[in-house]
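For any residue, its number in the numbering used here is found by taking its place in the sequence shown, counting from 1, and adding 147.
Since the hints were derived computationally from the structure, they do not count as laboratory data. Only a predicted model underlies this, so the values are computations on that prediction, with no experimental measurement involved. Just so you know, nobody snuck in bad clues.
Here are the simulated distance ranges between beta carbons:
(1) V225 <-> V150: 40 to 48 Å
(2) R230 <-> I255: 35 to 43 Å
(3) Q227 <-> Y195: 37 to 45 Å
(4) L246 <-> G207: 17 to 25 Å
(5) L184 <-> A217: 17 to 25 Å
(6) H258 <-> L213: 21 to 29 Å
(7) R231 <-> L259: 30 to 38 Å
(8) R194 <-> A289: 53 to 61 Å
(9) L226 <-> N201: 33 to 41 Å
(10) Q224 <-> P199: 36 to 44 Å
(11) H291 <-> P199: 41 to 49 Å
(12) I152 <-> T206: 15 to 23 Å
(13) A245 <-> E286: 27 to 35 Å
(14) A228 <-> H258: 39 to 47 Å
A virtual CB, placed ideally from N, CA and C, is assigned to each residue, including glycine.
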Amino acid sequence: MAVVIVTISCLMWVAALALTMSRRQMLAPVVSYLALLVISFAEDAARYQLLPVNGVILTGWLAMTLVVTAVTVLQPQVLQAQRRGTAYITAGAVTGMALGLSAFSFGIAEHLLYSIMVLLTVIGAFAGMLFFSRTPKGEDVALHTGRFFRYMLAKGFPTVITVAMAGVAALLALAVSREIQ
148 MAVVIVTISC LMWVAALALT MSRRQMLAPV VSYLALLVIS FAEDAARYQL LPVNGVILTG
208 WLAMTLVVTA VTVLQPQVLQ AQRRGTAYIT AGAVTGMALG LSAFSFGIAE HLLYSIMVLL
268 TVIGAFAGML FFSRTPKGED VALHTGRFFR YMLAKGFPTV ITVAMAGVAA LLALAVSREI
328 Q
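Could you put together the complete structure from these sequences and hints?
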């Protein structure tokens, strides 16, 4: 049953990443949170949790999911419908998350890895937005226009929350695999 639960959770994260680049971006953090919630139910044969996703983690990410969803709902409809640059932001966030997870191989303390992964996810999303603003389609949200940070928060905030939740599960999986070895 654990394989089914983990597979469902992974498919939900793929759907959440696809939603970050769609007109329904507001649903991406919700789907990502549900994936984190689903994976918290995965147990091994001895009925122990596969990943130590506890109530504190779930409550913290639920609060962030509610905040980002509320902020997205309050945006003007024109801004909600925009998709420009979301692929760049998502690619940057995923790259940042991967770099944050690679810090695991340096033997850094596990409590710092969480912060490093989230910080690099934010930096990656920012870099993706910066790359997009240098393209012809992104000139009107370039850094010097004053709309850069507004658009970055509108499109980057949901993406960062979505990607970081997947990163948390990956980080917990790495930590569990380190303990097993």
